[in-house]
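If you're matching them up, the sequences are chains A and B in order. Position one of the first sequence corresponds to residue 1 (the numbering used here), numbered consecutively onward. Position one of the second sequence corresponds to residue 1001 (the numbering used here), numbered consecutively onward.
The reader is advised that the hints may include incorrect statements.
[Unchecked claim] Short, incomplete list of chain A residues facing chain B, as computed with Cβ under 8 Å:
| hint | residue |
| --- | --- |
| 1 | V55 |
| 2 | R76 |
| 3 | Q77 |
| 4 | R78 |
| 5 | I80 |
| 6 | A81 |
| 7 | G83 |
| 8 | Y86 |
| 9 | L95 |
| 10 | P96 |
| 11 | R116 |
| 12 | Q161 |
| 13 | P229 |
[Unchecked claim] Computed Cβ-Cβ distance ranges for the label pairs, DEER-style:
| hint | chain 1 | residue 1 | chain 2 | residue 2 | range |
| --- | --- | --- | --- | --- | --- |
| 14 | A | V115 | B | I1307 | 46 to 52 Å |
| 15 | B | F1310 | A | V115 | 20 to 26 Å |
| 16 | B | S1165 | A | Y94 | 28 to 34 Å |
| 17 | B | T1152 | A | S13 | 49 to 55 Å |
| 18 | B | R1143 | A | T74 | 46 to 52 Å |
| 19 | A | G133 | B | T1152 | 55 to 61 Å |
To be clear, the hints were calculated from the coordinates, so they are not data collected in a lab. Just so it is clear, CB atoms sit at the ideal spot from N, CA and C, and this is done for glycine as well.
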Amino acid sequence: MPADNCPIYSVRSLSYEIGDKRVLDSVSMDAKPGEFIAVVGPNGAGKSTLLRHLVRVIMPPKGAVLLYDKCVTTLRQREIAAGVGYVPQSSPVYLPFTALQFVLMGRYPRMNPLVRPDDREAARALEILNDVGMADFADRRVDMMSGGERQKIFIAAALAQEPSVLLLDEPTTYLDPKHQRDIQRILQSLHRERGTSVVAVTHDINFAARFSDRIVAMKKGAAVYDGPPDGLMRKPRLEELFDTEFDYARGDGEDGVFAFPRRSL
Amino acid sequence: MTARTRKPATRAFAALILLAAVVAVAAPLVGSSNVSFSDIAGIFDAEPPTAAERIFWQVRAPRVILAFIAGATLALCGLSFQAVFRNPLASPFTLGVSGGAAFGAVLAIKLGLAFSIPGVSVTQIFAFGGALASIFLVYGIARARKGFTMATMLLTGVAVSFFFSALIMFIQFFADYAHSFSMVRWMMGSLSIVGYKQVAQAAVLSAAGGAAIFLRRSEMNLLTAGDEIARGRGVDVDRSRAAIFFAVSLATGGVVAICGPIGFVGLMIPHIMRLIVGPDHFDLAPACILGGGIFLVLCDTFARTAISPFEIPIGVITAMLGGPFFIWLLFRHPN
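Just chain A, with the same shape it has in the complex:
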């Protein structure tokens, strides 16, 4: 973990409304270098909206999002992308590029956009594909891949930006257990071995509890919990957050507590 403990991100009293609906309600949070933060909460809690503000896909109308102490509204989009990799929740149906081409497109904030990526850039992109276990898919079209394969390619493309923080919106949703495990392993490796900060929005509370250093829980647009996983994975906090009952089980070793929605009778 880097010695510098100044926050990469500081979110200050961020609010956002769509029509009459308040999607974010005065949210404040920090992300420090090397941290793995999971953002959890029920559907419609504002998790994805928060993430999209961090990468300035949405501009903050109220409050502030600071990236390395600079307000994101004052930064160029390229400057944000040079430090922040973003993996959105859904990928377009039509994406005609090969995996290699798509990962190379991730180099945009790091190279002259007027120039075609050269062979050195291609070699770097292949390395990244290899890191996520997708080197054999380099010449395959992205929109012809399965959801799990595609998700790895999207992570690889975000990594091509050489980000110091990776933002992921539901990275394991809709994936089979093998691909879920693959993605978890990739993120864990990035976080532990390279010190990359990770902010992952997820519905998988067990994934959040198992891998994150800190959980931010959101409900109705507000951050209702910000602390270590253990503090959330217990009665009655989890029940209050999701408005449902859970059964709990203790895992082996460092795995801590797992929670499962209680079976309805």
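Keeping the supplied structure of chain A fixed, place chain B upon it in accordance with the hints.
This is chain B only, laid out in the frame that chain A set:
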């Protein structure tokens, strides 16, 4: 994109460049009276030019150059729109930009305005203004509506296109018979009355707009993947989109003012080139310039020779040749 993926594109480019060279040299030789190389070789003599030399150098050569410029420009504009709107049906023609440009040009002709900027005619300036107005009208209306989608945008484009067509008909209604006929003929697309002056005028705006599009090949790649991904990779989407709108308006206005609103090239050529060189805009942009240019020169050659000495309007040819070819390609390459 790199040596690893560029090999098929290299072969395709070699074929396109060879074809462009053959077409550029052969097209001016063909016409109602054919001309041979020996007929035109004497142009560099001190002797006054012969009829064959005049036909080749003063009538057909500028026409072929203009056809190439117009085809290349419309194809490049169509490519950029398909990337920006992520829609295979987007083109200057379908989104009303050609219609706006045509309205601007017709208005300038009707008003009989005579001022000009060096290298650019007043008709072109009005066509550029009409093109720019139409695209910002389309974009503005589509954005103002809640739940903006690209489908909304295309439907708005169709509506704006009809609106400009109505305005053009309104102007035609008040024009005298001869003037109205020439407007209708021009609306079908025409390369018939052309000299080097018009070629230069078309080239100035096409080069300016085309260069601005050409420089945004990285952005067009990312915009194809969607706004959210493009922003995440560092593209200032709004600025890129505005710059492409401006460039397309400039280039389309420059061409439409002289050749009329020639349809189908901007829609079809990018798709054909995508099948040949792949989806990477670093390959697609130059391929569209070559492919669009070749296609329109061939169409124009056919237009002026098929029922010689009469000429078929070029817009009729582009649609009649292009439509079936496009459908054939769709069946041949279902992906």
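**Message:** A range of 49 to 55 Å was offered for this pair. Does it hold for the Cβ distance of T1152 (chain B) and S13 (chain A)?
**Reply:** About 34 Å separates the Cβ atoms of T1152 (chain B) and S13 (chain A), which means 49 to 55 Å is violated.
**Prompt:** Should the hint that Q77 (chain A) touches chain B count as held when the rule is a Cβ pair under 8 Å?
**Reply:** This hint holds: Q77 (chain A) lies near chain B, its Cβ roughly 5 Å from the closest one there, short of 8 Å.
**Item:** Distance restraint evaluation - V115 (chain A), I1307 (chain B), Cβ atoms, bounds 46 to 52 Å
**Value:** holds, 48 Å
**Message:** The hint says 28 to 34 Å between S1165 (chain B) and Y94 (chain A); measuring C-beta to C-beta, is that right?
**Reply:** holds, 30 Å
**Message:** Quick check on a hinted range of 20 to 26 Å for F1310 (chain B) and V115 (chain A), using CB atoms only.
**Reply:** violated, 49 Å
**Asked** Going by Cβ atoms only, is R76 (chain A) closer than 8 Å to chain B?
**Response** holds, 7 Å
**Asked** Are P229 (chain A) and chain B close enough, Cβ to Cβ, to be under 8 Å, as the hint says?
**Response** violated, 27 Å
**Message:** A closest beta-carbon separation below 8 Å is what the hint needs, so does Q161 (chain A) meet it against chain B?
**Reply:** holds, 7 Å
**Asked** Should the interface hint for L95 (chain A) be scored as holding, given a Cβ-Cβ cut-off of 8 Å against chain B?
**Response** holds, 6 Å
**Asked** Do the numbers back the hint for A81 (chain A), that is, is its least Cβ distance to chain B under 8 Å?
**Response** holds, 3 Å
**Asked** Would the hint on P96 (chain A) stand, with a C-beta cut-off of 8 Å toward chain B?
**Response** holds, 4 Å
**Message:** Given a hint of 55 to 61 Å, does the C-beta separation of G133 (chain A) and T1152 (chain B) actually sit inside it?
**Reply:** For G133 (chain A) and T1152 (chain B) the Cβ distance comes to about 40 Å; the hint is violated.
Hint compliance for this structure: hints 7, 13, 15, 17, 18 and 19 are not met, and every other hint is.
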